[in-house]
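Sequence order for the protein chains is A and B. The opening residue of the first sequence carries number 26 in this note's numbering; numbering runs sequentially from there. The opening residue of the second sequence carries number 15 in this note's numbering; numbering runs sequentially from there.
Just so you know, these hints were derived from the structure itself, not from any lab. A hint or two may mislead.
Claimed, not checked - With a straight-line Cα cutoff of 30 Å, these simulated DSS-like cross-link-like pairs (lysine-lysine) come out:
1) B:LYS218 <-> A:LYS151
2) B:LYS218 <-> A:LYS136
3) A:LYS79 <-> B:LYS115
4) A:LYS151 <-> A:LYS80
5) A:LYS80 <-> B:LYS126
6) B:LYS218 <-> A:LYS150
7) A:LYS79 <-> B:LYS452
8) B:LYS218 <-> A:LYS80
9) A:LYS151 <-> A:LYS32
10) A:LYS57 <-> B:LYS218
11) A:LYS80 <-> B:LYS115
12) A:LYS136 <-> B:LYS452
13) A:LYS151 <-> B:LYS427
14) A:LYS79 <-> B:LYS218
15) B:LYS173 <-> A:LYS52
16) B:LYS173 <-> A:LYS151
17) A:LYS32 <-> B:LYS115
18) B:LYS427 <-> B:LYS119
Only a predicted model underlies this, so the values are computations on that prediction, with no experimental measurement involved.
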Amino acid sequence: MELILSKFNYWIYVVLIMVGFYGMMAKNNLMKKLIGMNIFQWSIILYYVSIGCKKGGTVPVIIGGHGAEGQIVRAIEYINPLPHVLMLTAIVVGVATTGIALTLLIIIYRKYGTLEENEVIEALKK
Amino acid sequence: MNPEHYPALIVVTPLIMSFIVFTIGLFNRRYCFPVVIITLGACVYFAFNMLMRVMTLGNAIHYRMGKWAPPWGIEYVVDHLNAIILLSIAVIAFFVAIYSKANIKKEIPEDKLPQFYTLFLLQTTGLLGITITGDAFNLYVLLEIASFSAYALIAMGRKGAEFAAFRYMIFGTIGACAYLLGVGYLYMITGSLNMADLAQLLPKLYSSTVLITGFAFLLVGIAIKMALFPVHTWLPDSYTLAPSAVSALLAPLFTKVGAYALIRVMFTMFEPSFSIKTYPVTEILGWIAAAGIIFAGILALAQSDMKRMLCYVIVAEIGYIVLGIASANRYGLTGSILHIVNDMFMMVCLFTVAGTVYSQTGSGDINQMRGLHRTMPITISVFVVGALSVVGVPPMCGFFSKWYLILGMIQAKLWVFLVVLLISSLINAILFFRIFEKVFFDLSAKEGHTHGHNGISVTMDKLSFGELVPMVFFALVIILLGVFSGAIIDHIIQFAVPKIF
Chain A
26 MELILSKFNY WIYVVLIMVG FYGMMAKNNL MKKLIGMNIF QWSIILYYVS IGCKKGGTVP
86 VIIGGHGAEG QIVRAIEYIN PLPHVLMLTA IVVGVATTGI ALTLLIIIYR KYGTLEENEV
146 IEALKK
Chain B
15 MNPEHYPALI VVTPLIMSFI VFTIGLFNRR YCFPVVIITL GACVYFAFNM LMRVMTLGNA
75 IHYRMGKWAP PWGIEYVVDH LNAIILLSIA VIAFFVAIYS KANIKKEIPE DKLPQFYTLF
135 LLQTTGLLGI TITGDAFNLY VLLEIASFSA YALIAMGRKG AEFAAFRYMI FGTIGACAYL
195 LGVGYLYMIT GSLNMADLAQ LLPKLYSSTV LITGFAFLLV GIAIKMALFP VHTWLPDSYT
255 LAPSAVSALL APLFTKVGAY ALIRVMFTMF EPSFSIKTYP VTEILGWIAA AGIIFAGILA
315 LAQSDMKRML CYVIVAEIGY IVLGIASANR YGLTGSILHI VNDMFMMVCL FTVAGTVYSQ
375 TGSGDINQMR GLHRTMPITI SVFVVGALSV VGVPPMCGFF SKWYLILGMI QAKLWVFLVV
435 LLISSLINAI LFFRIFEKVF FDLSAKEGHT HGHNGISVTM DKLSFGELVP MVFFALVIIL
495 LGVFSGAIID HIIQFAVPKI F
């Protein structure tokens with residue numbers, strides 16, 4: 026129990042990634058697959074954000090700034106902003122993936138009139 | 015332009031030009047193609063120049079983006095290993111662009127051409143970027159740029175292509191996310207994203223479970239992107255249904271760039287001893303690759319569509335490269351790196367031929383290829399060169415990389431893998447000689463119609479110059495790479511193999 030509580034952020038991401046993976050692999054509807062894919066991606070983003078987080082941490086800037094009294098925050102006290110910044114890129118990537126996927130789904134729906142995977146495969150065999 | 019900035023320019027030029035091409039396309043579609051050719055020509059020049067510089071300097075070129083020092087900023091590194099791969103990518107992209115001019119019009123509507131060329135350049139950007147970057151996270155971003163363009167390009171293809179592209183996308187996203195997770199784990203314990211920096215920080219942590227998890231995720235991610243055997247299922251559908259010019263660009267390059275990334279992760283980011291001795295990674299990869307080679311060979315035999323058959327040949331070729339990595343000695347790795355370069359040219363040669371045959375006869379079926387050597391002698395000659403190279407006949411380049419792979423297997427005493435390589439060569443021979451038989455020796459059907467003209471009436475290929483030149487060029491490169499393979503190994507590849515071997 027303590028193992029779960031002390032590292033709850035990782036457990037949340039593990040559960041989410043499994044939900045997403047299940048959606049991608051097991052669902053028959055292509056839209057649901059896409060939703061699963063999104064959950065999969067966002068869970069990794071949450072994971073990255075959580076590893077950069079710290080209780081009682083502060084921003085990594087020089088307090089007081091500019092002047093001679095400027096006081097440097099010690100490394101142990103500030104939150105590492107890099108994982109969060111990396112995730113800005115990953116969010117953009119995620120949005121682009123979703124955009125392309127939705128475009129493809131629109132084309133598939135227009136051509137075959139359905140988004141069920143087995144029905145699309147049936148239509149393709151003809 | 016200062017040659018110092020070529021590492022950045024080779025990625026930035028096609029990236030910026032892709033948007034310019036799109037803008038030009040809004041006004042006049044005719045100017046798209048020349049702009050693309052100039053851009054890719056510049057890329058070839060940059061890549062050639064960098065290869066020459068690396069060869070004269072004898073060590074790697076390090077380029078700091080925006081002058082930020084490596085562990086913080088993004089660093090681009092050109093060494094012997096990726097310089098030659100960069101040049102191959104640029105050359106292939108350049109000639110496939112020329113090839114696409116005449117070919118693509120038959121497969122996609124005219125008003126989609128600007129979009130096609132935009133994506134073509136973005137695709138090249140991604141592939142060049144993956145190869146040149148020295149930053150683990152940057153590699154993820156560029157991998158995704160390349161993948162997105164690939165999804166969109168594939169979706170332009172024949173009936174069912176958009177569905178294949180969607181399935182590819184599901185797989186590709188899992189691969190990219192797995193890679194991203196792996197980078198996250200490594201970042202968590204080292205706080206660094208630079209590959210060279212990681213290589214210094216990681217050895218102290220080799221017993222950490224976080225590191226092993228990260229490594230496993232990295233390998234799975236790359237394996238999906240490079241279509242290693244059990245996770246190759248996205249490849250045949252998507253590359254078969256894509257437009258011919260697109261599969262000629264994607265099929266040779268994308269999987270090989272993945273193989274390059276695998277070598278980088280296993281032997282640059284991690285010490286070679288980690289994946290050889292600390293954990294039996296190379297051994298596992300070897301068995302997977304061996305199973306994949308046999309499996310893909312058998313499936314290739316079962317295909318009647320030429321492009322689909324070639325797709326399974328790619329899966330087998332990827333198996334060869336991984337098998338060379340798995341042998342974990344100098345010969346095997348030399349074979350792998352040489353095979354990455356050779357296979358790029360072999361596959362682009364065969365896929366351009368498949369595309370030409372498809373656009374000329376309207377069918378990709380092997381059984382429909384009867385007597386084609388009479389109507390398209392040049393195309394079929396190019397096909398023969400490419401096919402013999404895949405089989406491994408000496409003057410062609412495929413023989414030499416296979417030779418080194420076999421030497422590697424013998425030195426590592428991996429007899430099972432050696433047998434697998436030889437069986438696979440036999441399967442390849444059957445595959446291609448089956449087609450030769452269909453093309454050349456099916457005299458019964460045609461001879462009846464040609465009364466008294468000795469049964470032979472050869473006409474030249476009814477192809478435009480733009481389609482013929484790239485195909486003939488690729489065939490020539492295959493022969494030249496074979497003839498000069500000794501020089502390539504002496505001057506480039508022997509420095510590309512990690513020093514520890």
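These are the hints, each one checked on the structure:
no., hint, verdict
1, B:LYS218 <-> A:LYS151, "59 Å, violated"
2, B:LYS218 <-> A:LYS136, "56 Å, violated"
3, A:LYS79 <-> B:LYS115, "56 Å, violated"
4, A:LYS151 <-> A:LYS80, "60 Å, violated"
5, A:LYS80 <-> B:LYS126, "53 Å, violated"
6, B:LYS218 <-> A:LYS150, "55 Å, violated"
7, A:LYS79 <-> B:LYS452, "68 Å, violated"
8, B:LYS218 <-> A:LYS80, "28 Å, holds"
9, A:LYS151 <-> A:LYS32, "52 Å, violated"
10, A:LYS57 <-> B:LYS218, "44 Å, violated"
11, A:LYS80 <-> B:LYS115, "59 Å, violated"
12, A:LYS136 <-> B:LYS452, "36 Å, violated"
13, A:LYS151 <-> B:LYS427, "51 Å, violated"
14, A:LYS79 <-> B:LYS218, "25 Å, holds"
15, B:LYS173 <-> A:LYS52, "23 Å, holds"
16, B:LYS173 <-> A:LYS151, "11 Å, holds"
17, A:LYS32 <-> B:LYS115, "56 Å, violated"
18, B:LYS427 <-> B:LYS119, "51 Å, violated"
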